[in-house]
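Colleague: Here are the chains, one letter per residue:
There are 2 protein chains.
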Amino acid sequence: MQTEKQVLAIQSHVVHGYVGNKSATLPLQIRGWDVDCLNAVQFSNHTGYGHVEGYKLSGSQIKNIYEGLRAQEFEYQALLTGYLPSAEAVEAVFEVGTQMKSTNKDMIWLLDPVMGDEGRLYVKEDVIPVYKKILKSGLVTLITPNHFEVEVLTGIQLNSKENVIKALDFMHREYNIEHIVISSVPHATDNTILLTIGSTINEKPFVIRQSKIQSYFTGTGDLFAALLLDSVHRYGLSNLAIATTRAISIVSKTLKRTYEFGLSKNVPGCKMADKSMKFYELRLVQCIDIFSQIEHTDVKYEEYA
Amino acid sequence: MQTEKQVLAIQSHVVHGYVGNKSATLPLQIRGWDVDCLNAVQFSNHTGYGHVEGYKLSGSQIKNIYEGLRAQEFEYQALLTGYLPSAEAVEAVFEVGTQMKSTNKDMIWLLDPVMGDEGRLYVKEDVIPVYKKILKSGLVTLITPNHFEVEVLTGIQLNSKENVIKALDFMHREYNIEHIVISSVPHATDNTILLTIGSTINEKPFVIRQSKIQSYFTGTGDLFAALLLDSVHRYGLSNLAIATTRAISIVSKTLKRTYEFGLSKNVPGCKMADKSMKFYELRLVQCIDIFSQIEHTDVKYEEYA
Chain A
1 MQTEKQVLAI
11 QSHVVHGYVG
21 NKSATLPLQI
31 RGWDVDCLNA
41 VQFSNHTGYG
51 HVEGYKLSGS
61 QIKNIYEGLR
71 AQEFEYQALL
81 TGYLPSAEAV
91 EAVFEVGTQM
101 KSTNKDMIWL
111 LDPVMGDEGR
121 LYVKEDVIPV
131 YKKILKSGLV
141 TLITPNHFEV
151 EVLTGIQLNS
161 KENVIKALDF
171 MHREYNIEHI
181 VISSVPHATD
191 NTILLTIGST
201 INEKPFVIRQ
211 SKIQSYFTGT
221 GDLFAALLLD
231 SVHRYGLSNL
241 AIATTRAISI
251 VSKTLKRTYE
261 FGLSKNVPGC
271 KMADKSMKFY
281 ELRLVQCIDI
291 FSQIEHTDVK
301 YEEYA
Chain B
1 MQTEKQVLAI
11 QSHVVHGYVG
21 NKSATLPLQI
31 RGWDVDCLNA
41 VQFSNHTGYG
51 HVEGYKLSGS
61 QIKNIYEGLR
71 AQEFEYQALL
81 TGYLPSAEAV
91 EAVFEVGTQM
101 KSTNKDMIWL
111 LDPVMGDEGR
121 LYVKEDVIPV
131 YKKILKSGLV
141 TLITPNHFEV
151 EVLTGIQLNS
161 KENVIKALDF
171 MHREYNIEHI
181 VISSVPHATD
191 NTILLTIGST
201 INEKPFVIRQ
211 SKIQSYFTGT
221 GDLFAALLLD
231 SVHRYGLSNL
241 AIATTRAISI
251 VSKTLKRTYE
261 FGLSKNVPGC
271 KMADKSMKFY
281 ELRLVQCIDI
291 FSQIEHTDVK
301 YEEYA
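Sequence order for the protein chains is A and B. 258 is the number that UniProt numbering gives to position 258 of the first sequence; each next residue is one higher, with no gaps. 55 is the number that UniProt numbering gives to position 55 of the second sequence; each next residue is one higher, with no gaps.
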């Protein structure tokens, strides 16, 4: 009958807006996944608004809820993990991932090591060694750091092509990660362009170039990670470049529609901690038609060399 | 550009499966709503499995998160409230609803007074007087009790048509509720049939008759409440009978597809606290095509007299 695709997604929940699990869930559902959301936090809205109310789960609360799932023997083809609120929450997710891989070694674990952006950490420093430990375990299939997170994980500044390749190599070898996609890498000389750089161990890296929209969006990385998970499940991990073009294509169309909506409200782009942010929440519900377009893309990749 | 429809939905969240907000959200999103989910509990799965892990929010936690939303001045056309884990959580939701109606008197508040089913309360008794107080406030637009909840709220046994009409009248007059839809009313003599009975104050009640599927489903009431909310928003509260047929039609198709899936797994119906339950979780992701069918229905209503 219907294909059964189940993913356990552990990251944040916001009541209003689209980041974390609120950003990941609908697109995955439209693409046929039952999404089991384990919400590691519940916030009223994303932190970009400046003011937030809400609650975080402790590491043991996360583990308890997972034990509830395990008792019922639900089966998962994938684990998606994103923002986690503390080092002990990351430790708990390590235990969850270890357990899940031990019952299904083919399970895809996409780990988005959400730690910060644009030169700024938004987690505590003690989270970093725990992510390093997880990455070294060999249990994670695919990671999607942004360029800042790569710098944090590798200690290598991504200020040249040579260094990007060095960092990819470091993550493949030292961290035992087979597949890597680095999002939002600034172009060295052209600030209207953003790069996505991907790499599978022992293969040549690839790059996707895209025009940057001059506004501020949140939840984009979470949307990308979710779509990439679907896409690698669909096209196979051996086709990471093709899978990445499909995910990028959908993210890009979603951002364009979101941006047009903001403009239609006479809000010319948005800034952090500003009332304008609510007009630039990802327009996911209004992009359902986009999420259901599976094959079509005009995004191209090329060898990164 | 796109229609903006925003609903604040306050009820339970389960990581796996479809009850509460997990049952309400996807169908509403497919029908164009941005659904702000304030999850009053986070459980691993619904309680029918017999074993559950998870956490409940206190009343003050619910109010704090709402204060976060209020600070950003998000606007809502509707409030949907379902299962709440304690009397103080119900009190908190009363404050939320009061505040929201004070800023938007046209807001639809659909309250599903989730207290129990089939003769059994699954909330503490102290919840009952709080629901009665809310219903008497005149702030609630529409309620969707099942027949047991009507008996709890009115003290009238729904064992005859006369008594059903007496109970509807009691709820309109004593509780100041303009619109009522009672779900899952057993037929007096034919246990293959379920009735849905609706009523708008000062108008004749209506009834919808449906064949009962011989299995056990959870989250059906939550799905119905969400679809009815969309439906009354679409057709207008003055067309409650038509709106109800549209919602029932979609619920019915969803149950049929869910049932067929269970059968395809060689599980002939499911029982409470049994491993078979996971095969009878509502197949919402596999019913997206059904949720997008707006106008079409073959469900008929007739006068209940």
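If you are wondering where the hints come from, they were derived from the structure by calculation, not from laboratory data. Where hints are given, some of them may not hold.
Since copy identity is lost for identical chains, a pair holds within one copy or between any two.
[What the hints assert, rightly or not] Under the rule of at most 30 Å between Cα atoms (straight-line distance), these lysine-lysine pairs were calculated in the DSS-like manner:
| # | residue 1 | residue 2 |
| --- | --- | --- |
| 1 | 124 | 253 |
| 2 | 256 | 101 |
| 3 | 132 | 56 |
| 4 | 101 | 278 |
| 5 | 132 | 275 |
| 6 | 204 | 278 |
| 7 | 265 | 105 |
| 8 | 56 | 253 |
| 9 | 271 | 132 |
| 10 | 101 | 275 |
| 11 | 271 | 5 |
| 12 | 256 | 161 |
| 13 | 56 | 133 |
| 14 | 5 | 265 |
| 15 | 166 | 275 |
| 16 | 166 | 256 |
| 17 | 265 | 161 |
| 18 | 212 | 271 |
| 19 | 265 | 124 |
Here the structure is a predicted model, which means the values were calculated and not measured.
Colleague: Against each hint, give a clear statement of whether it holds in the structure.
Modeller: Taking the hints in turn, this is what the structure says about them:
{"no.": "1", "hint": "124 to 253", "result": "neither (33 Å within a copy, 49 Å between copies)"}
{"no.": "2", "hint": "256 to 101", "result": "neither (37 Å within a copy, 35 Å between copies)"}
{"no.": "3", "hint": "132 to 56", "result": "within (22 Å within a copy, 33 Å between copies)"}
{"no.": "4", "hint": "101 to 278", "result": "between (39 Å within a copy, 21 Å between copies)"}
{"no.": "5", "hint": "132 to 275", "result": "neither (37 Å within a copy, 38 Å between copies)"}
{"no.": "6", "hint": "204 to 278", "result": "neither (41 Å within a copy, 43 Å between copies)"}
{"no.": "7", "hint": "265 to 105", "result": "between (49 Å within a copy, 24 Å between copies)"}
{"no.": "8", "hint": "56 to 253", "result": "neither (32 Å within a copy, 38 Å between copies)"}
{"no.": "9", "hint": "271 to 132", "result": "neither (32 Å within a copy, 45 Å between copies)"}
{"no.": "10", "hint": "101 to 275", "result": "between (43 Å within a copy, 22 Å between copies)"}
{"no.": "11", "hint": "271 to 5", "result": "between (38 Å within a copy, 24 Å between copies)"}
{"no.": "12", "hint": "256 to 161", "result": "within (28 Å within a copy, 56 Å between copies)"}
{"no.": "13", "hint": "56 to 133", "result": "within (23 Å within a copy, 32 Å between copies)"}
{"no.": "14", "hint": "5 to 265", "result": "between (38 Å within a copy, 15 Å between copies)"}
{"no.": "15", "hint": "166 to 275", "result": "neither (41 Å within a copy, 50 Å between copies)"}
{"no.": "16", "hint": "166 to 256", "result": "neither (33 Å within a copy, 55 Å between copies)"}
{"no.": "17", "hint": "265 to 161", "result": "neither (40 Å within a copy, 52 Å between copies)"}
{"no.": "18", "hint": "212 to 271", "result": "within (16 Å within a copy, 54 Å between copies)"}
{"no.": "19", "hint": "265 to 124", "result": "neither (37 Å within a copy, 47 Å between copies)"}
Violated hints, listed in ascending order, are 1, 2, 5, 6, 8, 9, 15, 16, 17 and 19; each of the other numbered hints is respected by the structure.
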